[in-house]
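*Asks:* As they're listed, the protein sequences go chains A and B.
For the first sequence, counting from 1, position 556 maps to 556 in this note's numbering; every step adds exactly one.
For the second sequence, counting from 1, position 479 maps to 479 in this note's numbering; every step adds exactly one.
Calculated directly from the structure, the hints in this document are not laboratory data.
Predicted model only: the values in this text are computed from it and were never measured.
Check each hint, because a few of them may be wrong.
One copy or any two copies: either way a pair holds, since identical chains are not told apart in the list.
[As the list claims (entries may be wrong)] Heads up, simulated DSBU-like pairs for lysine-lysine below, C-alpha to C-alpha not over 30 Å straight-line:
id, residue 1, residue 2
1, Lys578, Lys299
2, Lys679, Lys571
3, Lys675, Lys578
4, Lys605, Lys532
5, Lys589, Lys307
6, Lys571, Lys670
2 protein chains.
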Amino acid sequence: MEINPLVYVIPVAGIIGLLFALVLTRSILRKDTGTPEMKEIGDAIREGAMAYLARQYKTIAVISIILGLLIAVAIEPRPYVGIAFLVGAACSVLSGYIGMIVAVNANIRTASAARRDLNEAMKISFRGGAVSGVAVVTLSLIGVATVFFVYAIFVFPDATVANPIPGVDYSIQQALLAAVGYAFGASFAALFAQLGGGIYTKAADVGADLVGKVEAGIPEDSPKNPAVIADLVGDNVGDCAGRGADLFESTAAENIGAMILGFAVYALTGEIGFVFFPLVARALGLLAGLVGIMVVRLKNEDENPMKALNRGYYVTAIIAASLFGFAAYELLGEGWPYFFAAGILGIILSIVIVYITQYYTAGEYRPVREIAEASETGPATNIITGFSVALETTAAPVIAIALTLLGAYALGQAAAPAGSESFVTFTYGLYGTAAATMGMLATAAFVLAEDTFGPITDNAGGIVEMSHQPEDVRKRTDKLDAIGNTTKALTKGYAMGSAALAAYLLFGAYFDKVLEIVVRTDPSLTITDVFKVDIAQPPVFVGALIGGMLVFLFASLAIRAVSKAAQDMIKEVRRQFKENPNILAGDDKPDYARCVDISTRGALKAMILPGILPVVVPVALGLLMRYAYPDQWQISYQAVGALLMVGTITGVLMALTLNNGGGAWDNAKKYIEAKGLKKSAVHAAAVVGDTVGDPFKDTAGPSLHVLVKLLATITLVFAALFVVAPPLP
Amino acid sequence: MEINPLVYVIPVAGIIGLLFALVLTRSILRKDTGTPEMKEIGDAIREGAMAYLARQYKTIAVISIILGLLIAVAIEPRPYVGIAFLVGAACSVLSGYIGMIVAVNANIRTASAARRDLNEAMKISFRGGAVSGVAVVTLSLIGVATVFFVYAIFVFPDATVANPIPGVDYSIQQALLAAVGYAFGASFAALFAQLGGGIYTKAADVGADLVGKVEAGIPEDSPKNPAVIADLVGDNVGDCAGRGADLFESTAAENIGAMILGFAVYALTGEIGFVFFPLVARALGLLAGLVGIMVVRLKNEDENPMKALNRGYYVTAIIAASLFGFAAYELLGEGWPYFFAAGILGIILSIVIVYITQYYTAGEYRPVREIAEASETGPATNIITGFSVALETTAAPVIAIALTLLGAYALGQAAAPAGSESFVTFTYGLYGTAAATMGMLATAAFVLAEDTFGPITDNAGGIVEMSHQPEDVRKRTDKLDAIGNTTKALTKGYAMGSAALAAYLLFGAYFDKVLEIVVRTDPSLTITDVFKVDIAQPPVFVGALIGGMLVFLFASLAIRAVSKAAQDMIKEVRRQFKENPNILAGDDKPDYARCVDISTRGALKAMILPGILPVVVPVALGLLMRYAYPDQWQISYQAVGALLMVGTITGVLMALTLNNGGGAWDNAKKYIEAKGLKKSAVHAAAVVGDTVGDPFKDTAGPSLHVLVKLLATITLVFAALFVVAPPLP
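Looking at chain A on its own, in the form it has when it is part of the complex (with noise of 0.2 Å):
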């Protein structure tokens, strides 16, 4: 089999992605961490993150070795599923703390170099969030290939079928099918990171807010707060933790199933380089990214930050579009023109979320006013309002995403040789949609830069309120926050719309796993035969009603975990004013201890019924339905299928509802406030709206994305219990 030499360019991007976060960490490190007063609070809030994310890595470990040794005894082909499920776990984890290390090192940092000049604090806390991209994308990268051929080349090196097709290499479909454990351990670490950190972080941020600025009067991140250390170490585990793991298990979930439906194609081409595209394509993204990364940097003091990062990103995707034509020029056979375009309405659909993102929850637009207005009449016509704009959310983006989908799917479909047969035009328009989201996630380590780099510069903002610097030090780093907030909605509505673009793909997968179990059976099975569901059969209508149900009750748990620990922190942050007035005047410090202890505890407990929950669902529906109906072997898998494609329906309206939501309520304050409006009636009406807002946008709704792909994963790995053998030919 001959392979093309653009393969080893994923090696080759992967050694300078770690280079590159390494230079950039030193680089970091070697900047001046300010006064001994801002090293104090520095320290506090790493120590904070770190023994947090200490008990949270424990309690994710104790859950994921127990079903990863499930798995490697239950799943063919044993164990070898089991163990990428651990590794993927682990490297999930790892990238996660990885973009927390360098973000508790980046916020002091940053705060110092904004006593002297904004450009200085921007790079610092562009940087920051940089490595934490760079790595992320770059272990995702470096993972799911070593995973992939080292299970190909050592462990799987004779695999057969029973009925193979000449000339094909299975070898290529038992360590694909093999590494998706990889995919599915990434997930479920991550959703508990995103959970975990989601609680902590608002359990916190609601907690601080409604007894010290509403009710105690004092400002954002006051050092006389009980809550504030918590508040800062919890943009720490939320949003640089979680989302990293995030971010990774999406990359590489994405990545094996685009890589399972090249195979696909190679099967019915022997053109081997539709299964290395994804990766290769990966890799030019990341070379791509640092380019643009390398690219930020302000003109002048006054420039607005917001616009180099906006020229970073054109660079990036500007870059990033040339290369993947150029990698698709190479590998996708003589149809390369039509993937090439279906990659560049992936990156279309980016910018074009990305504005929509915007008009929802930007000030200067109709959704944020309407909602700023109705604060006028109190908190209960703000809530209607907001709630009311969150719903109207999805519309647009839905309406993208769908011309998206189709016109990926019919340029698939056109690549195809003409004559072929439907089953292979429609394995062809499968890997199109597969090739615009690898379009869309081809900027992915300069997006996920942008979204670290809030949480930096929220943390440094913090630093400096607390160890009383001059006003105008605070001014520059309340320039880059306000940037820092815009730039994590726009994240967040590209994550939302890369999980609704790439769900097609994971379906895809799904399908051609349960293919490879039923064509030992009946080896006259094509794709066509098994790729269906139809949800007009009762069973699979109950399975798709599960799976709408289930992202509602998730969506629920996840909130409820949020307003549980919040009251704990109410409780306790009025306790301790009430017990000792010398900290609001100033002359004792709070117990923050205590503050960091609830949240903490709060995360930990809440996180495990809804982590556990979409795991159990989807694989008891199955069982149920394969033991339901034993004769009908097409109902069991259609009904894990109706309940993944619902899921996902739903996931992604609910997701984009509560991050928009969110957004909008937390921008109508910031509007109100920029009125000169605070401490008005009309600005604690804004303030409950903001802090509803709060577990919609940073816990529920990130926590959604995860679980969107969570289910993919899940019904692939465990496809092999419920799907019922079709009857002998």
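Based on the hints, put chain B in the right spot on chain A.
*Replies:* Showing chain B alone in chain A's frame:
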């Protein structure tokens, strides 16, 4: 063709129902109308309600006539679908009107009776509700039967189709497919009635509460509140007229849908009884409901009125179940015990859902207490916890519905003759779900009576308060009002459960219609060839995505409309209080009329867009898919089917969330009041939640019930526009 004499029960029950409603109405009107002061207030409410309804119906009439004419011209069999549409719309509006006219007469008489004893007040208010329940169910029965028989006997007596099955009377099929217009007209008008009424009532309620109760500190229903009359009018136009139209269209649509499935069984077996069974079961259920209504009375002044209502309900359920079994025995051939069992499943489901709803919305259980507790830390945690509870409430009902659906389907399949081909078994299975729905709806008259009882007692309480009656009179109406709140919540659960269960029957009708079109080209097709919604096909998946999104967008528009009108109301009430301090002093009367006008204008303007949206989107999607995939005849109808099914799933989930969440917030506030914490900060926080829940539970939620059925009837009526003819065999 031999017709079972049991069919004559249809006109007989219709006549008895009408007479019963008439007698009840007279018995109510004979009661005294209390003091002149009470009479004045009652007149103001009645006039306000009538004035609003007149304007609302004018708007509905204009839109309906335009659409009706379009249908009459464009949709086959011309112009009969259009005519049926107009008749259906008119009947729907009429039944809402009857319910309301009785309610606005019963309210004052209930208030007057409450001066004497609880039992009499209870009897008047419940009988007022009963008139509405009986009238709605009777009119629906008579309307459907009349349109069907007139069309079958006079319009299509010699109907035939391209490839008829010998011995099948196709006049029945053509009559049913034309009668579908009746169901569509009823749903269409009901959507506007429910939206308009819902927006009206909640704009007034929110406005009255937020300024009156919270800001000015005057009690509920105080005559000093400028919005109080609008609020009392709202109860009538929203809860009576809106809900009446809602249940009218439910029973009409589900009856016709079930008869279409009945025709499918008849075409296979020659058993005409399957066609008439839905009408007969409805007629017998109506008679059972009449008995149940007569049973409701208090044993003594101290008995909990809820107990009396429950007695009536169980009497209704037992009689209805027995008669249902008798009808099944007479009409449904040898498999009748299976259909009887399916009907019992439906009745059990209605009871289970009522208990679940009670658990989630009543003060004695965990969810409401959790919200009450969260209020201690302010409005934000109240909202967060309430929203979490709202999302959680979807789980248990969905599981109950799923089990019922699968059970009824399996029972129906078991009823098929042994050794039947798969499409025969499938058709029987679908009829099983129809039987379950018929079982659930058998108690509709009684349930609706309970529902309308709510706003009557609410109004009575208002009249008592405004006419300065002594404390113990108010206590009596408060007691009834509390029950009314519970029954309203239960009815919403019932309406939602029946909508979900009926979904399958309506899907079945849609595919029967598709089959009827495509067999003209390819007579070899059977129902199992077309009864497919394969969401694994990208265009079909996009239909599903759009269906889910439509629900979110619709809910957004409905909620926003309330917010906008409520903000205007709040500003107006504030203005009146500010410009004329005599109002709060009790020396001047406020300007009630201006508030009535604000609600009216807000409702009429804002109901148009959400009312039109669900008609335009499915038709547009169907046409788009038809022209985008002209060579794949299965795509366009399946894409619309996916919109319908996933729209239904999402609609059910969203409606459960909004209805139960709103109910839980409401009762959390009441729970806090019962603990004597009125006017505390905790109570203020709970009032915010209650207010947020208002548009959820009384505007968006109930409108979603109608939306779900409207989607089904739209797709059914417009199917011919987008179904692509299959290739010639």
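*Asks:* Run every hint past the structure and note whether it holds.
*Replies:* Hint check results:
1. Lys578 x Lys299: This pair counts as neither: shortest intra-copy Cα distance 50 Å, inter-copy 54 Å.
2. Lys679 x Lys571: Close inside one copy (22 Å) and across copies (21 Å); limit 30 Å.
3. Lys675 x Lys578: Between. Shortest inter-copy distance 25 Å satisfies the 30 Å Cα cut-off; intra-copy 33 Å does not.
4. Lys605 x Lys532: So Lys605 and Lys532 fail the 30 Å test inside a copy (39 Å) and across (44 Å) alike.
5. Lys589 x Lys307: Answer is neither: 40 Å inside a copy and 59 Å across each miss the 30 Å cutoff.
6. Lys571 x Lys670: Answer is both: 26 Å inside a copy and 24 Å across each meet the 30 Å cutoff.
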